[in-house]
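Listed in order, the protein sequences are those of chains A and B.
Quick note on this note's numbering: the first sequence kicks off at 7 and runs consecutively.
Quick note on this note's numbering: the second sequence kicks off at 209 and runs consecutively.
These are calculated hints, taken from the structure and not from any lab test.
We put the CB at the ideal spot given by N, CA and C, even for glycine.
Listed next, with one range per pair, are the computed distances between beta-carbon atoms:
1) 282/B / 14/A: 30 to 40 Å
2) 12/A / 282/B: 26 to 36 Å
3) 308/B / 467/A: 47 to 57 Å
4) 482/A / 251/B: 44 to 54 Å
Derived pair list, reagent style DSBU-like, types lysine-lysine, alpha-carbon separation capped at 30 Å:
5) 490/A / 71/A
6) 71/A / 276/B
7) 276/B / 295/B
8) 272/B / 71/A
9) 71/A / 295/B
10) 272/B / 295/B
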Amino acid sequence: MMAALRRFFSRLVNLLRPGRAEDDLSRELAAHIALLEDEFQRRGMTADEARRAARLALGGVEQTKDLHRDERSFAWLDDARRDFLHSARLLRRNPVFALTASLSLALGIGANTAIFTLVNALLLSDPVGVTDPGRLVDIGIGRGDSGFNPASYPTYLDIREHATTLSGVYAYPMFPQAMSLGAGANAASVERIFGQFVTTNYFTLLGAIPAVGRLFGAGDSDQPGASPLVVLGQGFWKRRFSEDPAVVGQVIRLNGQAFTVVGVVPEGFQGTGILAADVWLPLNTVASGNPRDSVLTNRRAGWLVMGGRLKPGVSVAQAAAELDALGWALDREYPDPAGGRGLRLLPSSRVPGNRGVIAAFVALLTVIVSLVLVVACANVASILLARGAARRREIAVRLAIGAGRARLIRQLLTETMTLFLVAGGAGLLLARATTSVLVAWLPSLPFPITVTLALDGRVIAFTTGLSLVAALVFGLAPALQGSKAEVVTALKDDSPGPSGRSRLRNTFVIAQVALSILLVVVGGLLVRALERAGSTDPGFDPHGVQLVSLDLSMAGYTDTTGPHFWRELVEHVRQMPDVQAATVARVLPGGFEGIGLGGVAVPGVAPPAGPAAFGPSWNIVEPGYFATLRIPLIAGRDFSATDRAGAPPVAIVGEGVARRLWPGENPIGRLMSHQVGRNESTLLVVGVVRDLKSSSLVDGLSHSFVYLPLQQHYTSNITSTMTIAARTAQGERIADEIRTLVASMDPTLAIVRSQTLEDSAALGLVPQRVAASLSGSLGIVGLLLAGIGIYGVTAYTVARRIREIGIRIALGAQGTDIVRMVLGQGMSIAGVGAAVGSILAAAASQLLRGFLFGIPPLDPVPFAGAIVLLLAIGLVACCVPARRATKVDPLVALRYE
Amino acid sequence: MPSKEPRRVELLQGTLDLIVLRVLATMGPQHAYGIAARLERVAEHPFTLTQGTLYPALVRLEQKGWIKGTWRTTENQREAKYYAITKAGTRALDDQIERWRRLAGLVDKLLLQEPE
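Modelling step: build the complete structure from the supplied sequences, incorporating the hints.
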């Protein structure tokens, strides 16, 4: 054992310091020969004879040295080390090749790494501070795709009571809530923070260990309003309390209410998701204002994401089956007019219920960046092929003096791997820069997100693996070709090498051109779609409207004081200078949000078939909404001061709703029945407005709304968070003025967010925008690389045919003939590539149809644009070799070889 | 050339270590040439021992710490690397001899058995 260990280390030492042992051996062998010579001379040979006999007796000295080397060190590793040093020397000697090749590869690898970092953060990495996250599951209401929607509190209670395969079920609202932190009575220092409500069993089930104090646990009541406790997030604790452990027991005021600090979550903890919270509060303290019970008793209000921990020995499939059965039982007990959709249980994910959607988007990005990598690899492979051609003589010499082909291939592959690893390193740095740009984009989202886009071990392993696999795949063909040199012909002259090489090289360049065209066309199509989305009339005017959102839920407003506050606030905003029109609305068009308030029908008319009522989009607004957003009123009137609580309930409908309920008739003055759950009420239609066009990712259909007046429909669970929209004369930003105004009216209120309607409406287009800029910019990089490829092929051909060109010129060929010949060759490659690429792009555009908002998938503009761009780049690439061809001096060319 | 002498004895894998250790144990420090010469003298049949196998064996034994090489001068004022067996080497030699005896005994027994 000891001996084996000793041996291993001394082999290692010899691997690292090969020189000494080698010298020693040479000396020893020389001594051996000397001793043999002495012996032979003693036997009567002459000195010369003895020397020859001694050498003969010893056998092959070099062979002995090789065997010795194998024995004293790790020969294959030693070979690899020497190949690596050789490659590094070669790369240093060709800095232009090394730089361009590794730069283009670094782009490809870097883009892949950046996307993988995203995949890692969103889909692969485990949440911090959570014990055994693999046994956690997410639960929600089933929906059409593979994801789920949030559930209501009563549904949560039923699941918690009945689920037997889970050791516990917790719940929390989908998004953290913006709250105002007041330091005691000092109203001047209101700070906006984000609070995450969780059930009191949340931390226990996640297995989180408190950093200070305790977390919520079994001792805390789940009764509404019973536990005014708060757990601090690490960041908030450090920022606000300088990591003071004595914070436990202190009282902080959130939205004007007192909460006692019980502890601090562990470092890095943010639950299972990616949304960041400053503080954690018991779910029962949500909506502590009156009526506090509505949001906790309404079975139709879906707002909670649920999760649980599997009991030991229970599989995800077993738990999913139980929850599925439970879901259908609940649907039978509490029938939903929109039809029950059961419960869905999925393995815990950083993006609960939306893993599928995110995965699909990331997959699209991955395809784009992989294409770029393939283009870059093809580029390098074709350069390697060309270099292989230039090194035919060197390789032939090696083969002639006895190098094995396998050994040669290994050496050529090592060269490629060295190059790819250098590029991989650069790619990692590039990805670092890219991801920090990504992180910089995050704050523009309406809720705080903490994604650790760190280059952790998994990312580095991915990049290294990717580099090595790509090197193997794209280095093998050039290495096989390169090691095939026919010794005799290669050593004899420089005549054209095997034609397989140039065919392979043309294939690489064609592939490069084709894939670049594909990327540019896809990028172009998406840009066109974005333009279309931006230029189509969305049905409202998003320019020059300032939005400010407020949350009243925890500030103690009731069903009477709430609507009054909003009305008063709007009046004040309307009186501000520069403000032309102002309103308050529950949702604004173009963003992510939406509310569902049930279905509508014509009273007394039995629906033909299908669901009893049809469900439009809903909004709850103050008077002035249509004027502020410039949504044309087609018939009837806007809401007015007379539409208050107690007055006959009224509604304004979109054209689509009107057409559907009363085709061909005037809807003004008609009654419409409104069904929520088992409740039914009647609404009087007082106005008809133009439909909106959604410009979001989801679809390009028109959105037909039913609008209700806020004063008649204030309920704390739905209308606590509202948005003030104010149209200013010159598009001035007046968020700060509104903030001051709000603070003067109620200092405990926090601004949830403020942004322009333009920004808010553009949020839905972020995925297209990212995909378009990524594929477009990378496609153009690809085209430039393809240009280098075309240049390389053409220049190589010119160099090879220099003698032929010389003869042609000697025989009287004109410069234009030569140029035509060279251009023809280069451009035919470009042409074939463009044709293949266009076919690929046409196929891809069919797949992307859903992202294109009615842009025809074969829209000629991106196709023509990409091809023209390619032809221009190709022409430039061919120009230099063509010029060189015309400058050929026949006398020199004929003597050339 | 080995192929011209058909009756050469091939060394069993692993026995070279034993042989080298034994030579060094009985004769004291030797250089590679001395070891080779000694083996040729002892062997009744010529056997396959090129320097190609001896040198790797020496480096292997040295790396295991069983022998130690030092540069010295011969009687003829030539420099040569002399290998000497170490304490660990002596112990290893005993082990190897024991193992060899057991193996040889087994093979002998098998060869002496009557065919059934």
